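Read top to bottom, the protein sequences are chains A and B. First residue of the first sequence: 1, per this note's numbering; consecutive thereafter. First residue of the second sequence: 1001, per this note's numbering; consecutive thereafter.
It should be emphasised that the hints constitute simulated quantities derived from the structure, not laboratory data. Here the structure is a predicted model, which means the values were calculated and not measured. Hints should not be assumed to be uniformly reliable.
Below, in silico cross-link-like pairs of lysine-lysine (DSS-like), each with a Cα-Cα straight-line distance of 27 Å or less [stated by the list, open to error]: (1) A/K3 with B/K1061; (2) B/K1049 with B/K1061; (3) A/K71 with A/K53; (4) A/K57 with B/K1061; (5) B/K1061 with A/K71; (6) B/K1049 with A/K3.
One side only, chain B facing chain A, incomplete, derived with CB under 10 Å [as the list claims (entries may be wrong)]: (7) V1004; (8) F1034; (9) Q1042; (10) G1043; (11) Q1045; (12) F1063; (13) A1092; (14) A1095; (15) F1102; (16) F1104.
Even glycine gets a Cβ: it sits at the ideal position worked out from N, Cα and C.
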Amino acid sequence: DVKVTQSSRYLVKRTGEKVFLECVQDMDHENMFWYRQDPGLGLRLIYFSYDVKMKEKGDIPEGYSVSREKKERFSLILESASTNQTSMYLCASSADRGTDTQYFGPGTRLTVL
Amino acid sequence: AQSVTQPDIHITVSEGASLELRCNYSYGATPYLFWYVQSPGQGLQLLLKYFSGDTLVQGIKGFEAEFKRSQSSFNLRKPSVHWSDAAEYFCAVGAENYGQNFVFGPGTRLSVLP
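Given these sequences and hints, build the entire structure.
If you want it as structure tokens, here you go:
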């Protein structure tokens, strides 16, 4: 069975802290994605990666960075967390970035105080 | 680039009633269309998808969707709703053009009355 896991379900951080969100997939997928989900806005793409060490900005990359050192792992980094980054963060992976099913992790609900 | 609208923010139906959730897309070529469901506090799970062929697509949990090119729609239906169907539903449009990603609609929250 397909599996995407995220390191934390709930996270509480303080303004200015550096935050790491980890995502691991076991499907050998080339493509991995980080989305942010806010009520009424649906899912907005932050960053995605189409290969190890390769990344591209999505629609809302400001304030975020990513790292993909291994194929199965994709990390989202908030260099200096701010209160407006309080949100649900969803990781996904797929075999093809534009046409194939994306498989999602359970999400991390991040609160920045 | 493609875009997706889901006109209904929140829908309430009684258990056993039929359901239709609307999705309209904008895309110049043949779209790749998906419906996902998100239960409270969970990630998204694929219900069904359409790439080509038969325009009526069957999915999991008794859901189906119909692709209507003339109306740029991909509405999700279920003949009889169960209380466990209460969730948020997202329509998404993919694209085969290089460099384009999925676009998700804003979602429709479904409440089910006993």
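Taking the hints in turn, this is what the structure says about them:
Taking the CA atoms of A/K3 and B/K1061, the gap is about 20 Å. The hint holds against a cut of 27 Å. A C-alpha spacing of about 14 Å is found between B/K1049 and B/K1061, which places the hinted pair at or below 27 Å, so the restraint holds. For the suggested pair A/K71 and A/K53, the alpha carbons sit about 9 Å apart, so the restraint of at most 27 Å is met. Between A/K57 and B/K1061 the CA atoms are separated by roughly 35 Å; this puts the pair beyond 27 Å, and the hint is violated.
Among the hinted pairs, B/K1061 with A/K71 is inconsistent with the structure: their alpha-carbon atoms are about 32 Å apart, more than 27 Å. At most 27 Å may separate the alpha-carbon atoms for a hinted pair to count; B/K1049 and A/K3 meet this at roughly 19 Å. This hint holds: B/V1004 has a C-beta 8 Å from the nearest C-beta of chain A, less than the 10 Å allowed. At a threshold of 10 Å, the smallest CB-CB gap from B/F1034 to chain A is about 7 Å, leaving the interface hint in force.
Proximity of B/Q1042 to chain A holds as hinted, the smallest CB-CB distance being about 6 Å (cut-off 10 Å). A distance limit of 10 Å between C-beta atoms decides the matter here; for B/G1043 the minimum to chain A is near 4 Å, and the interface restraint holds. The interface hint given for B/Q1045 holds, since its Cβ lies 7 Å from the closest Cβ of chain A, which is under the 10 Å cut-off. Hint status for B/F1063 relative to chain A: violated, with the closest Cβ pair at about 15 Å, above 10 Å.
With its C-beta approaching chain A no nearer than about 8 Å, B/A1092 sits inside the 10 Å limit, and its interface hint holds. Satisfaction of the interface hint for B/A1095 is found here, the shortest Cβ-Cβ separation to chain A being roughly 5 Å, below the 10 Å cut-off. This hint holds: B/F1102 has a C-beta 6 Å from the nearest C-beta of chain A, less than the 10 Å allowed. Given hint, B/F1104 at the interface with chain A, holds; its Cβ is 4 Å from that chain's nearest Cβ, closer than 10 Å.
In terms of the numbered hints stated before, the structure departs from hints 4, 5 and 12, listed from lowest to highest.
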